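Colleague: Given these sequences and hints, build the entire structure.
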Amino acid sequence: MRHNDLRSRDHAGYWAFVVHRVSGIVLALFLPVHFFVLSRALASPAGLDAFFAWTSRPGVKLAETLLVLALAVHLAGGVRLLFAEFVGWRAEGQKTAIAIVAAVAVACAVLFALNA
Amino acid sequence: MPTPPDTPTFPVRIWRGGADGAFRRYDVPRRASQTVLDVVTHVQRHVDPSLAYRYACRVGMCGSCAMTVNGRARWTCRTHVDAVAGNGGLEIAPLSHLPIVRDLVVDMEPFFDKWASAKGQFVPTATRYDDFAKVEPGSAARRAIDATIECIGCAVCYASCDVVGWKEDYLGPAALNRAFTLVNDVRDGAGIARVRAIAKDGGCESCHTHQSCTQRCPKHLSPSGSIAALKRVVARAVVKGEL
Amino acid sequence: MEARVRAAPGIDPGQRAEGVRFAAWLFVLQRASAAVLALCVLVHLATIIYAVRHGLSAQAIVTRLHASAAWPAFYAVFVVAVSVHAPIGLRAVVGEWLRLRGPLVDAVLALVAAGLLVGGLYTVLSLGF
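Chains as they are written, first to last, in my numbering: chain L, 1 to 116; chain C, 1001 to 1243; chain S, 2001 to 2129.
Quick caveat, the hints were computed from the structure, so don't treat them as lab data.
Fair warning: there could be bad hints in the mix.
Listed next, with one range per pair, are the computed distances between beta-carbon atoms [unchecked claim]: (1) C/Val1186 x L/Asp5: 40 to 46 Å; (2) C/Lys1134 x S/Arg2099: 45 to 51 Å; (3) S/Val2077 x L/Arg90: 30 to 36 Å.
Note that the coordinates shown come from a computational prediction; the quantities given were computed from them, not determined experimentally.
We put the beta carbon where it would ideally sit given N, CA and C, even for glycine.
Modeller: Set out below in structure tokens:
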């Protein structure tokens, strides 16, 4: 049997799914790292502060901003899906909802980046 | 109607063979108001009679002529060449996610098997001695059915759904959409058996709301909406211990 | 054309009652944990942005966690919800994009869930008390 390629996937709903899935994978992989780094704060607060100093490097700041973006887009996209599935479906309204999700996520990431 | 000798042609690539086949190029006369079905028919009648394809009504009622045109599943009788080819060519392939019989013909059996697996058949409860069922046309249940009942089983949604491609046992948008109409039918007697049929692994929970089905349905149905509603039905049933 | 014999209906293993309930419960747990996480992540994002504005340090984190019992309780709930939500989400990814399914995959993901739960709760308990 044949499978589809990108030509059948050029609509908002599909790319919203891809962003949601990729951000979910990124967050799932990040979590163990996150728990490890935080638990080190008890072992050595000085070590953790050295770690925080390292994170002030621009490359790391960018990575952190992307993580915040991943978290925010996964949250907002997830809320969109919860609404669509449990509060009620509106096929016509989904493009607007996706746009709002993107705007909220970018706003969070920018807010973080400017303050970090 | 014979083609005038200096009619401009345009390149059309058509899938020939089975799953291990390939595209073959044909130069087809470009005519006004030409549909993709016209193109395929021209090739079969004037160029290569061995080309296999399906159509029936050719007026957008039966869904038999569904194929993949320039990467998207559509009814070829309702697709104007001008709308999809522009100044380029056409690429015509069989529908995705179904076994290829030959050329542009797919085996629709898995599609209908899943329809049956989702319990997409009406289960009668009344006899000839009972009065007619009284269904309030304005009721929420009947309006839900009205919005989704026009499916003619053309498999465009099934071919467009990437989860169908990733997960062999996913029932797919059409089967679930039909199950949804029956779940709302007050006359139907399947009850919890149908809810179980669409709650199993490969059922409605496999839908990730890509909405490719809704995007491509030639009858403008929203299987996405039906599946979302089925998710609510399943959630309620399992939490209440009815499943 | 030879007659096609259809497989007898009702023998579909996916339709055995326990299998159906398992699939349905996984879906409900995924969505329920998602709803909990919606609230938790909202608070977490706000906390992150607040924290970076006022300077991020180990001492600041520990001080905040000790300021009220609500914080460790909040993060404990967060960890439990994540331990449910992430593995079920990964199950779909692994099943669809890596085409890996079955009891072994489910067992590995259960271990992932346990790992997240233990690791996360250990972090919350050791930081909060």
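Colleague: So, for every hint listed, does it hold in this structure?
Modeller: How the hints compare with the structure:
no., hint, in the structure
1, C/Val1186 x L/Asp5: 40 to 46 Å, "holds (43 Å)"
2, C/Lys1134 x S/Arg2099: 45 to 51 Å, "holds (49 Å)"
3, S/Val2077 x L/Arg90: 30 to 36 Å, "holds (31 Å)"
Checked against the numbered hints above, the structure breaks none of them.
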